[in-house]
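A.B. asks: Protein chains in written order, with the working numbering: chain A, 1 to 148; chain B, 1 to 148; chain C, 1 to 413; chain D, 1 to 413.
Honestly, the hints are just simulated from the structure, not real lab data. Check before you lean on any hint, since a few could be wrong.
To be verified - Computed cross-link-like contacts, BS3-like style, restricted to lysine-lysine with a CA-CA straight-line distance of at most 25 Å:
1) C:K360 with B:K58
2) B:K130 with D:K360
3) B:K124 with B:K58
4) D:K376 with A:K130
5) D:K376 with A:K58
6) A:K130 with A:K112
7) B:K124 with D:K78
8) D:K360 with A:K130
9) A:K130 with C:K78
10) B:K130 with C:K186
11) D:K360 with A:K124
12) B:K124 with C:K360
13) C:K78 with C:K186
14) D:K186 with D:K78
15) C:K12 with C:K360
16) A:K94 with C:K78
17) B:K81 with B:K58
Unchecked claim - Quick partial rundown of chain D residues pointing at chain C, CB under 10 Å, derived from the structure:
18) L71
19) T94
20) R110
21) D151
22) G278
23) E284
24) Q355
25) I410
To be verified - Beta-carbon label-pair distances, calculated as ranges:
26) B:L83 with D:E270: 20 to 30 Å
27) A:S98 with D:H193: 48 to 58 Å
28) D:N264 with A:S98: 55 to 65 Å
29) D:D402 with A:D6: 17 to 27 Å
30) A:S98 with C:K376: 56 to 66 Å
Here a beta-carbon is modelled for each residue, glycine too, at the ideal position from N, C-alpha and C.
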Amino acid sequence: MPGLEDLYREIILDHYRTPRNRGELAPPAVMAEGHNPLCGDEITIYAQVENGVLVDVKVSGQGCSISQSSASMMSQAVKGKSLAEIQALIHRFKVMMSIEEDSDEAPAVEVKMGDLEALQGVVKFPVRIKCAILSWNTLLQALENASA
Amino acid sequence: MPGLEDLYREIILDHYRTPRNRGELAPPAVMAEGHNPLCGDEITIYAQVENGVLVDVKVSGQGCSISQSSASMMSQAVKGKSLAEIQALIHRFKVMMSIEEDSDEAPAVEVKMGDLEALQGVVKFPVRIKCAILSWNTLLQALENASA
Amino acid sequence: MNTTRVDWAAVKADFPVLQRMIDGQRLVYLDSANTSQKPNAVIDAMADFMRNGYAPINRSAYRMAGEATDLYEGARSKLQRFINARSAHEVVFTKNATESINLIAQTWGRANLHAGDVVVLTHMEHHANIVPWHMLVAERGIELRWIPLTDDGQLDLSNLSTLLDGAKILSFTAMSNVLGTISPVKQLCAAAHAAGAIAIVDACQFVPHNVTDVQAWDADFVMFSGHKMVGPTGVGVLWGREELLEAMPPFLGGGNMIADVRLNGFTTAELPSKFEAGTPAIVEVIGLGAAVDYLTNIGMANIRHHEMQLTEYALSTLNARYGDDIVIHGPRNIEIRGAVLSFAFRDIHPHDVSQILDEKNVCVRAGHHCAKPLMKLLGANATARASFYLYNDQTDADALADALDGASDIFGV
Amino acid sequence: MNTTRVDWAAVKADFPVLQRMIDGQRLVYLDSANTSQKPNAVIDAMADFMRNGYAPINRSAYRMAGEATDLYEGARSKLQRFINARSAHEVVFTKNATESINLIAQTWGRANLHAGDVVVLTHMEHHANIVPWHMLVAERGIELRWIPLTDDGQLDLSNLSTLLDGAKILSFTAMSNVLGTISPVKQLCAAAHAAGAIAIVDACQFVPHNVTDVQAWDADFVMFSGHKMVGPTGVGVLWGREELLEAMPPFLGGGNMIADVRLNGFTTAELPSKFEAGTPAIVEVIGLGAAVDYLTNIGMANIRHHEMQLTEYALSTLNARYGDDIVIHGPRNIEIRGAVLSFAFRDIHPHDVSQILDEKNVCVRAGHHCAKPLMKLLGANATARASFYLYNDQTDADALADALDGASDIFGV
Ligand SMILES: Cc1ncc(COP(=O)(O)O)c(C=O)c1O
Ligand SMILES: Cc1ncc(COP(=O)(O)O)c(C=O)c1O
Numbered sequence: 001m002p003g004l005e006d007l008y009r010e011i012i013l014d015h016y017r018t019p020r021n022r023g024e025l026a027p028p029a030v031m032a033e034g035h036n037p038l039c040g041d042e043i044t045i046y047a048q049v050e051n052g053v054l055v056d057v058k059v060s061g062q063g064c065s066i067s068q069s070s071a072s073m074m075s076q077a078v079k080g081k082s083l084a085e086i087q088a089l090i091h092r093f094k095v096m097m098s099i100e101e102d103s104d105e106a107p108a109v110e111v112k113m114g115d116l117e118a119l120q121g122v123v124k125f126p127v128r129i130k131c132a133i134l135s136w137n138t139l140l141q142a143l144e145n146a147s148a
Numbered sequence: 001m002p003g004l005e006d007l008y009r010e011i012i013l014d015h016y017r018t019p020r021n022r023g024e025l026a027p028p029a030v031m032a033e034g035h036n037p038l039c040g041d042e043i044t045i046y047a048q049v050e051n052g053v054l055v056d057v058k059v060s061g062q063g064c065s066i067s068q069s070s071a072s073m074m075s076q077a078v079k080g081k082s083l084a085e086i087q088a089l090i091h092r093f094k095v096m097m098s099i100e101e102d103s104d105e106a107p108a109v110e111v112k113m114g115d116l117e118a119l120q121g122v123v124k125f126p127v128r129i130k131c132a133i134l135s136w137n138t139l140l141q142a143l144e145n146a147s148a
Numbered sequence: 001m002n003t004t005r006v007d008w009a010a011v012k013a014d015f016p017v018l019q020r021m022i023d024g025q026r027l028v029y030l031d032s033a034n035t036s037q038k039p040n041a042v043i044d045a046m047a048d049f050m051r052n053g054y055a056p057i058n059r060s061a062y063r064m065a066g067e068a069t070d071l072y073e074g075a076r077s078k079l080q081r082f083i084n085a086r087s088a089h090e091v092v093f094t095k096n097a098t099e100s101i102n103l104i105a106q107t108w109g110r111a112n113l114h115a116g117d118v119v120v121l122t123h124m125e126h127h128a129n130i131v132p133w134h135m136l137v138a139e140r141g142i143e144l145r146w147i148p149l150t151d152d153g154q155l156d157l158s159n160l161s162t163l164l165d166g167a168k169i170l171s172f173t174a175m176s177n178v179l180g181t182i183s184p185v186k187q188l189c190a191a192a193h194a195a196g197a198i199a200i201v202d203a204c205q206f207v208p209h210n211v212t213d214v215q216a217w218d219a220d221f222v223m224f225s226g227h228k229m230v231g232p233t234g235v236g237v238l239w240g241r242e243e244l245l246e247a248m249p250p251f252l253g254g255g256n257m258i259a260d261v262r263l264n265g266f267t268t269a270e271l272p273s274k275f276e277a278g279t280p281a282i283v284e285v286i287g288l289g290a291a292v293d294y295l296t297n298i299g300m301a302n303i304r305h306h307e308m309q310l311t312e313y314a315l316s317t318l319n320a321r322y323g324d325d326i327v328i329h330g331p332r333n334i335e336i337r338g339a340v341l342s343f344a345f346r347d348i349h350p351h352d353v354s355q356i357l358d359e360k361n362v363c364v365r366a367g368h369h370c371a372k373p374l375m376k377l378l379g380a381n382a383t384a385r386a387s388f389y390l391y392n393d394q395t396d397a398d399a400l401a402d403a404l405d406g407a408s409d410i411f412g413v
Numbered sequence: 001m002n003t004t005r006v007d008w009a010a011v012k013a014d015f016p017v018l019q020r021m022i023d024g025q026r027l028v029y030l031d032s033a034n035t036s037q038k039p040n041a042v043i044d045a046m047a048d049f050m051r052n053g054y055a056p057i058n059r060s061a062y063r064m065a066g067e068a069t070d071l072y073e074g075a076r077s078k079l080q081r082f083i084n085a086r087s088a089h090e091v092v093f094t095k096n097a098t099e100s101i102n103l104i105a106q107t108w109g110r111a112n113l114h115a116g117d118v119v120v121l122t123h124m125e126h127h128a129n130i131v132p133w134h135m136l137v138a139e140r141g142i143e144l145r146w147i148p149l150t151d152d153g154q155l156d157l158s159n160l161s162t163l164l165d166g167a168k169i170l171s172f173t174a175m176s177n178v179l180g181t182i183s184p185v186k187q188l189c190a191a192a193h194a195a196g197a198i199a200i201v202d203a204c205q206f207v208p209h210n211v212t213d214v215q216a217w218d219a220d221f222v223m224f225s226g227h228k229m230v231g232p233t234g235v236g237v238l239w240g241r242e243e244l245l246e247a248m249p250p251f252l253g254g255g256n257m258i259a260d261v262r263l264n265g266f267t268t269a270e271l272p273s274k275f276e277a278g279t280p281a282i283v284e285v286i287g288l289g290a291a292v293d294y295l296t297n298i299g300m301a302n303i304r305h306h307e308m309q310l311t312e313y314a315l316s317t318l319n320a321r322y323g324d325d326i327v328i329h330g331p332r333n334i335e336i337r338g339a340v341l342s343f344a345f346r347d348i349h350p351h352d353v354s355q356i357l358d359e360k361n362v363c364v365r366a367g368h369h370c371a372k373p374l375m376k377l378l379g380a381n382a383t384a385r386a387s388f389y390l391y392n393d394q395t396d397a398d399a400l401a402d403a404l405d406g407a408s409d410i411f412g413v
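Only chain A is shown next, with the shape it has when bound in the complex (with noise of 0.2 Å):
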């Protein structure tokens, strides 16, 4: 069995303690909701897009270490990036999270995963891949809402 503290990264702790970009975002930003069954978490991503730029986003919302620590990072990691990138950068996380497969092609625009590899270690815990990928997908009908 994997030991928890394959989980319990420090730096997984430390977002979960102090989560970046908390809060919340007034329109023309939008917004998306996203539920886990399983636990209860709630999570609302707020995200303001300009010219193809996710300029801003802000996450409210209550959940487990898990969820709001990969909240938390994702924030840091998409803000101020290009749609493109996000997209790719949340199919990187997929795929390091075991839900998507990696294409052979190069990825068309470069990721960088930084504190988010810290997560690896969720996917020896089967049941929390659905509290990290949470806010993800929530950023993902975020995204889809503000291009509607």
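Let chain A serve as the given structure and place chains B, C and D with the ligands on it in line with the hints.
C.D. replies: Just chains B, C and D with the ligands, lined up with the frame of chain A:
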């Protein structure tokens, strides 16, 4: 295992081949329909009650040897009897089929089973009890309709 | 063992109940169209799971719950592949095919059917594909139309386009549980779509015995029951096209089918949870997964081939032996019939026939087979029905033929 | 063994999964309010029936089918005695308690509830007793009213008569699956009747752990699930007063629930078949009968007594050890609470608590427990919940307390 000869007594087959009191009765006679959901048997009992006496009874419908012979024997046994006698007979029959309990009290009216005794073997074939009892329950229903 | 050379004796040996002796005679089980026996693989999958890993699914976060969830969802994927559904979340687990049809009638039906709307059925439907629509006749004032049968028990499609004119639903059985008739499913789905109707396929009798491809059929909804395909009781399947399932209102309300619940309302979960309210039949779904593995391993084409041979053998044996004394309903052409033989034997009532066969441990069903409108058409209240499955063989057909002799003795005909 | 001296170690040994070792540690299963483990008696009853006597019920006439029908109906009689119903045909088998409640909402509800009619629920209901009524709000425009809770998690009945004024239904849980609170069922049924309403009791959490007497309650409908009472998944129970069940329209349409079917309509079968459409969960009903025998043999009063002691022990152990660091919801008085402990531990999220406990093979649920409105009231999105059953003992409570230490280590609080 009880042998089929316990079930298919000659007298039963006789009533099956030559059913008594087949037919219908016009109003003011009442009728009731019974279904055996197991085997699809359908039986209709027509009953003409006058002054507390079942002056005439007719049977129509289709069914297996047990349900048909039971109906035929029943019609013979109840025709011309008072309602009280019929109730007692129905009870006796259901006791024989082991679906009602014999009471210790002496019966208020005397009951003769006659040919009906031949149906005793049915009780060893539990699935067939429903066949044997179908016409009796339908008669009960008809008598209720008559008194309604 | 996925070749045409299957060891059918070994298959029979996989079913412990068929080793049972009653009064020194072996069991000849010919009631599989009613419900099928279970192989060790299914019985053990259920018992082992309860012995070693039983846990809730979807709700709890510890490992054993995660493992149970994986087994449950793994079974869903097995079902998806078994019927070639596009995605696993098009596969909804219900309690039986009856619930699956009611679900459609009460969700898609209530959302889309209004007074005067037409639902087309056939004269050979099981009550499960009649009564739910009767209930909408009473509630909504919809109109039912019926595809008639030809004399040899096939669907009479000569007026199909008239019947379908203006219809919203065509709902029909892929194979009759009384006549054995296999419907031209693909053709019927195409006709329904051409008329602007959706096509609902009651595949209860088909899926256990044939290769099923819901996409090749181009059906909209397909349903079947686990217990008829060597799987457990208590679990059925509803497959539906994703767009339709997405658009449908929910059926039962409760846990698991919600995204959120507040005092003043609720929102529904994603597919397939949306239609799986409450604690599902966890053990039974896992058992059904084992049944699918078992059948797949033998090969559905092999099973169909085996049953065709057996049907041909049984038909010719009974006809040769009893001539005009036996009337076997349904088409004679085994290309379009499954291994279901409903018959009338002399003028002995089916219930008595079944009783006399039971004396020889030959188990057949006698009754209306939950198809009373069809019975009326056949001019009978009941038929006797012998139905065969992968674990039956020619000795079973012979046992049936032999046992029928007993009926003549007793009824002296 | 129906005395107060039960060999609880032997009881524990009856449950094979509890002998399982994961990574060298024994399993501490504390998720029985979610779903319970199964004793050998139940697993074997199901497997043995499938191995030796599996057959359809109600439909076929051969002996094996008769025997199966007797086993199935025998289980119904066991259930009748278990809850002291007046007659066996008041006991309807469903797929789970969720279906039972939906059945009532969609039959009695649709027949009797019109725009503006009032249904009274409580703030501690499970989604299964909320969403079916929300669906009728949407469909019918009925009004929902809610009995609030006191600070210690009991029903606040101070305004009961106002809430019930003009109501047609009072539907409430006999025991909360989150707080453990046991409701004053008899009093609530009486109050409902006094107001002219019917009383529906969600007894999912109550029946597995207590002596149940539906007549003493004077309830109108009572429902529960097999899987929470050491029985199989895939089977639930609906008990209803005969007059009410008789008067209700049917729920699902299909085989078994009909008396007659014609092209232009149908008539329904007698109780209980009327509400059991299609092939029922035969194996599971028989398994549930075995579960009832198992529980009865130990004695429900003994089980309740055992759980009260265990609850008291767990509450005092956890409170003594963790003081203010642990907040255990629900009433402290074990006379009115079952063995369900929802708690907040420091400010560690319940999901993380459960993860850390899982490391020690201690299985608890973390989440909203399908009671989101109650969660909102508790000011949490989730709690961790440890729930105990007859196979748990003080070592399990100790294991829980010990494992919580790990959480402090990791989260450094
Ligand atoms: C109080 C209560 N009611 C209803 C239910 C629903 O039971 P099921 O999921 O078995 O239908 C549950 C269990 O989840 C429960 O605890
Ligand atoms: C053609 C057909 N449809 C539907 C059903 C209903 O299946 P179940 O009773 O499993 O719901 C059956 C079986 O009885 C059937 O043969």
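A.B. asks: Give a verdict on every hint.
C.D. replies: Hints versus structure:
1. Proposed proximity of K360 (chain C) and K58 (chain B) is contradicted: the alpha carbons are some 37 Å apart, above 25 Å.
2. Only pairs whose Cα atoms come within 25 Å are accepted, and K130 (chain B) paired with K360 (chain D) is rejected, the gap being roughly 58 Å.
3. For the hint pairing K124 (chain B) with K58 (chain B), the CA-to-CA distance comes to about 29 Å; that exceeds 25 Å, so the pair is violated.
4. A hinted pair counts as satisfied when its Cα atoms are at most 25 Å apart, and K376 (chain D) with K130 (chain A) qualifies at roughly 22 Å.
5. With a C-alpha separation of about 23 Å, the suggested pairing of K376 (chain D) with K58 (chain A) holds against the 25 Å cut-off.
6. Between the alpha carbons of K130 (chain A) and K112 (chain A) the distance comes to roughly 22 Å, so the proposed pair stays at or under 25 Å and holds.
7. A distance of roughly 24 Å separates the Cα atoms of K124 (chain B) and K78 (chain D); the hinted pair therefore holds under the 25 Å criterion.
8. The suggested pairing of K360 (chain D) with K130 (chain A) holds, with an alpha-carbon distance near 22 Å, which does not exceed 25 Å.
9. The straight-line distance between the Cα atoms of K130 (chain A) and K78 (chain C) is roughly 22 Å, inside the 25 Å bound, and the hint therefore holds.
10. A distance of roughly 43 Å separates the Cα atoms of K130 (chain B) and K186 (chain C); the hinted pair therefore is violated under the 25 Å criterion.
11. For a cut-off of 25 Å, the pair hint linking K360 (chain D) to K124 (chain A) stands: about 17 Å separates their Cα positions.
12. With a C-alpha separation of about 17 Å, the suggested pair K124 (chain B) and K360 (chain C) falls inside the 25 Å cut-off, and the hint holds.
13. Among the hinted pairs, K78 (chain C) with K186 (chain C) is consistent with the structure: their alpha-carbon atoms are about 23 Å apart, no more than 25 Å.
14. Using a Cα cut-off of 25 Å, the hinted pair K186 (chain D) and K78 (chain D) holds, with the two alpha carbons roughly 23 Å apart.
15. For the suggested pair K12 (chain C) and K360 (chain C), the alpha carbons sit about 19 Å apart, so the restraint of at most 25 Å is met.
16. At roughly 24 Å between alpha-carbon atoms, K94 (chain A) and K78 (chain C) fall within 25 Å of each other, so this suggested pair holds.
17. Proposed proximity of K81 (chain B) and K58 (chain B) is supported: the alpha carbons are some 14 Å apart, at most 25 Å.
18. Annotation: interface hint on L71 (chain D) violated; nearest CB of chain C at approximately 12 Å, more than 10 Å.
19. A cut of 10 Å between beta carbons decides the hint on T94 (chain D): the least distance to chain C is about 8 Å, and the hint holds.
20. With a cut of 10 Å, the hint placing R110 (chain D) at the interface with chain C holds, because the nearest CB-to-CB distance is about 9 Å.
21. At its closest, the beta carbon of D151 (chain D) sits 19 Å from a beta carbon of chain C; the interface hint therefore is violated under the 10 Å criterion.
22. Annotation: G278 (chain D) was flagged as interfacial toward chain C, and the flag holds, the nearest CB pair being 3 Å apart, inside 10 Å.
23. A hinted interface residue such as E284 (chain D) counts as satisfied when its beta carbon comes closer than 10 Å to some beta carbon of chain C; here the least separation is about 5 Å, so the hint holds.
24. The restraint placing Q355 (chain D) at the interface with chain C holds, with a minimum CB-CB distance near 6 Å, inside the 10 Å limit.
25. Violation of the interface hint for I410 (chain D) is found here, the shortest Cβ-Cβ separation to chain C being roughly 15 Å, above the 10 Å cut-off.
26. With their beta carbons about 24 Å apart, L83 (chain B) and E270 (chain D) fall inside the hinted range of 20 to 30 Å.
27. Evaluation of the 48 to 58 Å hint for S98 (chain A) and H193 (chain D) yields a pass: the beta carbon distance comes to about 57 Å.
28. The hinted range of 55 to 65 Å is satisfied by N264 (chain D) and S98 (chain A), whose Cβ atoms lie roughly 57 Å apart.
29. Look at D402 (chain D) against D6 (chain A): about 22 Å separates their beta carbons, and that is inside 17 to 27 Å.
30. For the pair S98 (chain A) and K376 (chain C), the beta carbons lie near 58 Å from each other, so the given range of 56 to 66 Å is met.
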